[in-house]
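Generate the whole structure from the sequences, applying the supplied hints.
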Amino acid sequence: MIERGGQRLRAGMVGGGAGADIGKTHRFGMRLDDRYSLEAGVFGLDAGQAARVAESLGVAPERSYACYEEMAEAESARPDGIDVVVVATPNDSHFPIARAFLEKGIAVVCEKPLTGDSASAAELVRIAAENNVVLAVPHCYSAYPMVRHAARIIRDGALGRITFVDVEHASGWAATPLELTGHKQASWRTNPDIAGFPSVVADLGTHAYHLARYTTGLEAEEISGQLHTFVPGRRVFDNATVSLRLGGGVPARIWASMAATGHNHGLRIRIFGDAGSLEWQHEDPHHLSVQDLDGTTTILTHGLSTLSADAARLTRVGLGHPEGFLEAFANFYLDLADELTARRDGKPSTIRELSFPTGIDGLVGVQFVEAVAKSHANNGAWTVPANATSQEI
1 MIERGGQRLR AGMVGGGAGA DIGKTHRFGM RLDDRYSLEA GVFGLDAGQA ARVAESLGVA
61 PERSYACYEE MAEAESARPD GIDVVVVATP NDSHFPIARA FLEKGIAVVC EKPLTGDSAS
121 AAELVRIAAE NNVVLAVPHC YSAYPMVRHA ARIIRDGALG RITFVDVEHA SGWAATPLEL
181 TGHKQASWRT NPDIAGFPSV VADLGTHAYH LARYTTGLEA EEISGQLHTF VPGRRVFDNA
241 TVSLRLGGGV PARIWASMAA TGHNHGLRIR IFGDAGSLEW QHEDPHHLSV QDLDGTTTIL
301 THGLSTLSAD AARLTRVGLG HPEGFLEAFA NFYLDLADEL TARRDGKPST IRELSFPTGI
361 DGLVGVQFVE AVAKSHANNG AWTVPANATS QEI
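Oh and the sequence shown: position 121 is 121 in full-length UniProt numbering, straight run, nothing missing.
None of these hints come from the bench; they were simulated from the model.
Just to be clear, a hint being listed does not mean it is correct.
To be verified - Listed below are the simulated EDC-like cross-link pairs for lysine to aspartate or glutamate, each with C-alpha atoms no more than 20 Å apart in a straight line:
| # | residue 1 | residue 2 |
| --- | --- | --- |
| 1 | K24 | E323 |
| 2 | K24 | D46 |
| 3 | K104 | D345 |
| 4 | K24 | E55 |
The structure is reproduced here in structure tokens:
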């Protein structure tokens, strides 16, 4: 069971107001290990409603701000100012908000996609580095203990030479035109001016791509993408199929959809090697299925004493007690808290090989979106993505 000590980190939030589920998820994740205290925020564009949200969260009235610019300026000047801010707003606002806080030396957790284009994403990575502050992106599926264990055994060679990688994030949440009914999330996620026209790639495809990279340690060398709109009249693409050639020529496939009729969440990882394979599904997150060459299947369960240290360090409850989505967010925030606390207290970095996704991962995700869009515009032609992991920022 996870236990950590130390003074709480002071957190703020931009976005996450009334009706914003992702804001609640971030707050629940921060609370679970008692490593953060929510002290400030801009909880919506409507001042009265934002003030009511702040009051309900125990945020002092003077630290419920009208805009992010005011918040960044005021919090950076306070002796008890925030250590980290969560940017939980629609896609088109990520860049200016994250930049404002990074320039003030405040760590940032920015929802994905990091920005709408790779130039601005690279700019955030550069500003974070120049100011020696953490920029993190909550690809929190990588914080499930059984995903960490999958990554560890793959990287340790348990599957042998990787031969094929398959990741799906195919949800059916928007298989009907919800945007026409006043649905808040659908309204902006299907608006190309806010979400970008390859919306499904930025929203779901980046998660799948991150998991492919995270579990295997391989980067994409070429990408071929096809985008589709399944719901008539929808202004953005709601389905994407992407073929990839990963490092060493390993073939891979990513399917991302918000219109996969009947699917609930639809996140699945399958990795094949010449000595075995494995599978993990988000809707059964406490199990990892591993197969050998003979087809013998071993089901590994969250909490087993024989799992890797990477999985064990993120396990809160005993064998047979499943953990889930909120705990994965909490694991992300736990890793982040360890690093932010170490920096605050002048101690060595706590970042390990399998740790929280950073701004580099966010930038790679944006580069992926751009490569898929470019490939689609060229009838699926193989496209070489920019690779932030091997570039000077």
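Now for the hints, and whether the structure bears them out:
1. K24 - E323: 18 Å, holds
2. K24 - D46: Holds: K24 and D46 sit about 18 Å apart, inside 20 Å.
3. K104 - D345: This hinted pair holds, its Cα atoms lying about 19 Å apart.
4. K24 - E55: Holds - the C-alpha atoms of E55 and K24 are around 15 Å apart, at most 20 Å.
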